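Since chain A is already given, all that's left is putting chain B on it; use the hints.
Number of protein chains: 2
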Amino acid sequence: MAERSISLEDTIVTLAEQKKYPTLRDILVTMNPADTAALFEELDEHLLPLLFRLLPKDEAAETFVEMEPDSQELLIRGFSDSELKEVVDELYVDDAVDLVEEMPANVVRRILRQADPETRKLINNILKYPDDSAGSLMTTEFVDLLPTMTVEDAIKRIRRTGTDKETINICYVIDDGRHLLGTVSIRTLILSEEDEAVSDVMEENVISVGTLTDQEDATALFSKYDLTVVPVVDNENRLVGIITVDDALDVLETETTEDIEIMGGVTPTDKPYFKTTVWETFKARFPWLLLLMISATFTGQIIASFENALAAATVLTAYIPMLMDTGGNSGSQASVTVIRGISLNDIEFSDFFRVVWKEIRVAVTCGVALAAVNFVKLLLVDGMLFHNEAVTVPVAAVICLTMVCTILCAKLVGCTLPMLAEKLGLDPAVMASPFITTIVDALSLLIYFRFATAILQL
Amino acid sequence: MAERSISLEDTIVTLAEQKKYPTLRDILVTMNPADTAALFEELDEHLLPLLFRLLPKDEAAETFVEMEPDSQELLIRGFSDSELKEVVDELYVDDAVDLVEEMPANVVRRILRQADPETRKLINNILKYPDDSAGSLMTTEFVDLLPTMTVEDAIKRIRRTGTDKETINICYVIDDGRHLLGTVSIRTLILSEEDEAVSDVMEENVISVGTLTDQEDATALFSKYDLTVVPVVDNENRLVGIITVDDALDVLETETTEDIEIMGGVTPTDKPYFKTTVWETFKARFPWLLLLMISATFTGQIIASFENALAAATVLTAYIPMLMDTGGNSGSQASVTVIRGISLNDIEFSDFFRVVWKEIRVAVTCGVALAAVNFVKLLLVDGMLFHNEAVTVPVAAVICLTMVCTILCAKLVGCTLPMLAEKLGLDPAVMASPFITTIVDALSLLIYFRFATAILQL
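One line per chain: the protein sequences are A and B, in this order.
In this text, residue positions in the first sequence follow this note's numbering: the first is 46, and each later residue adds one.
In this text, residue positions in the second sequence follow this note's numbering: the first is 46, and each later residue adds one.
If we strip away everything but chain A, and leave its shape as in the complex, we get:
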């Protein structure tokens, strides 16, 4: 893919320099809007308005939607009012809302001025809903039918009004008060007799979401119930919009990226890697590093307070990284598994003790197995092979007991913190590797020195 788009890019630039506009247009119309947008992002800014104007009207709008906000703004600033109106008229309402949310205030004023009054009203309505709510994600362009219509009436209505709708695959049956009564798929309509009533063929068991439902919860319904559209209703069950699966997929991708970034100790951003400046990346990473660095100084203080013990048995120092790392990794395993389980709704807070009990058993088996391997390795490899006489049986015992207890603590910390975070309304993803590691480091050292002072009488 990479090679191909590079050479296409060069061709486009050459053709543009030679002013071969019909050829350029022929190339662009064969391309899919998503690919055209990706190509435009690669090209030099000054070519953008020229190439964009070569696209047919409907393809122009579809390409525009796929572009990054920076390029969209650049294009809008170069548009005449009538050009802007043409693009805005072609956009679906949800895409227009996304655009308005991304643009600076003076550009937004121009967009809203060019939108026709009804579209403007729809945009403003959707803008009222909080970010990340189902309401802010929906579009208002759906097909509505009345229960009293016949299948023939319904198909006629779809023919008449369907062109501007985001989807006609599922139509919505509402009463005079716009309350949602049921859904009917175009498939059902096509396969039914023409004189049947819509109310007889509709599906009444409808999965819908409220306007204020969190967008993550709304999008989870798509995979749970194998849906391609979900209706959005107000608190009196009046149909106000629909969410289509393509938007749900985008939300899913964004939310997953956010989770993964938070789990890696990075403040999430919705921009692709190369679109963020060094300064933005710095701001996304520095606060976490600072916080974790400060937390890690406590671990240092634990070491400092056992300085005398360490001086008496210097051999112990060499095993600190291994114990800390194994603890950290054990904790990460538990936390990552539980965080993912929570976001897939496999684990809820009511499962707290089931999770803890499972992790205890896993921890004990892992801990004992690792400690056994380690005990043999310490005595055979470190002790006999490398003739390190400081590695005695009591020292090996200290290290291996620490390992079992550290893994147990690590798994417990790793599985409980995400569930507690969820219960407190925090994002469980925060309780991933970096935090768990920092906490477990301190715990592992405390356990280590406790066993060392007890067994080695330091």
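Do not rely on the hints blindly, as some may be mistaken.
Note that identical chains are pooled: a pair holds if it fits in a single copy or bridges any two copies.
[As the list claims (entries may be wrong)] Straight-line Cα separation of at most 25 Å, BS3-like style, residue types lysine-lysine; simulated pairs:
| hint | residue 1 | residue 2 |
| --- | --- | --- |
| 1 | K173 | K102 |
| 2 | K269 | K468 |
| 3 | K269 | K316 |
| 4 | K210 | K328 |
| 5 | K422 | K328 |
| 6 | K102 | K210 |
| 7 | K65 | K173 |
| 8 | K316 | K328 |
| 9 | K65 | K320 |
Hint data in this document are derived by calculation from the structure and do not stem from the laboratory.
The model shown is predicted, which means the values in this text are computed figures rather than measured ones.
Using the frame of chain A, we list chain B on its own:
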């Protein structure tokens, strides 16, 4: 949600004990198959066959598809041959294939014996494709049209054959040799004039995948091009099946879970948390812990080889955890960001030097900022406030220089390893926190002791 399903569960159990089957049936038919399946999973096994038999035929099949393999097997073992046939006949081919893949050999033989000959052939065809390929994911139940048909013919054909198809929203136009010529949506057909030719209204610019395309690449097309179905073609562009967005969503969820688990140092499993036994969880986690523990012993050897330096300046030991953790966290930040960028196709191997250059700049800014905070903290807090006279300016300089260099190395290791893994055909997710931390730990200690011996003349 949890509370509701618990009380519903109790009601169901009570009604079953009282043998109130009509009431039970009334409750079950109002439920969505996905919810029914989830409810069944919560109930005691002995109730399963009874309740399942209360479901109407089509709903039974839909519920069956949503259940866990264990429960499916339990049901099949209790089915008479005719009951099994009823369920198998109602399944879409892709769901039947999934079932066959999950069941033990003797159950598979029974399923295939009950399937009608054509279905059996289709199932066997799909089973030939490798796991994780587009071919193994597809279904063969799509609507095919000829280019010479009129829109009216096409709609008639859909009415006649559409009932058994997984979707009719997109239909496929093929020639006599079954080569894929284009697609036409039901929407286009409904909105077109009846006497237009299918070839005139079809979309010729079709996004398709090969049967052997990796399922992850195939599903990425859905969000990239906003699709709800993707056609699967063989290497001569003959249409052999389609993948629908609901299956793509499942793949996306599974692959994301896999990535996250691998990043957390756990061998991925496709079972939910509570469905794995302690032994399975142990097997998924122990090998990674063992491998990482062994790697961490090298870090220990570095400490051991600088034992004399540490004995001469014991103050240095207390700062080891902070330096190791900050290095590990910096590396994780870079690796997580790059791993996610690779899986979203934002980053390719050809971007290697752009990524490295960006990470260098981020590393230097983060490193210098953290070192500055740390320098002040070391001299003011540790030195003056806690009267730790060992924390001199040269010692603080060693710690802060180590911090800058460690962060630089960590970010470089963190960003390059995932890209190299991808280039070598490995899963980039392997190069996340646990591995990066282990490597960076060793690097940070080497840097630390190098600076210490040079500046403090140990």
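Here is how each hint holds up against the structure:
1. K173 with K102: neither (30 Å within a copy, 45 Å between copies)
2. K269 with K468: within (23 Å within a copy, 35 Å between copies)
3. K269 with K316: between (28 Å within a copy, 16 Å between copies)
4. K210 with K328: So K210 and K328 fail the 25 Å test inside a copy (42 Å) and across (52 Å) alike.
5. K422 with K328: between (44 Å within a copy, 21 Å between copies)
6. K102 with K210: Result: close within a single copy only, 17 Å intra versus 34 Å inter.
7. K65 with K173: Intra 46 Å, inter 49 Å, cutoff 25 Å: neither.
8. K316 with K328: within (14 Å within a copy, 38 Å between copies)
9. K65 with K320: neither (31 Å within a copy, 62 Å between copies)
The structure fails hints 1, 4, 7 and 9 (numbered hints given earlier, in ascending order).
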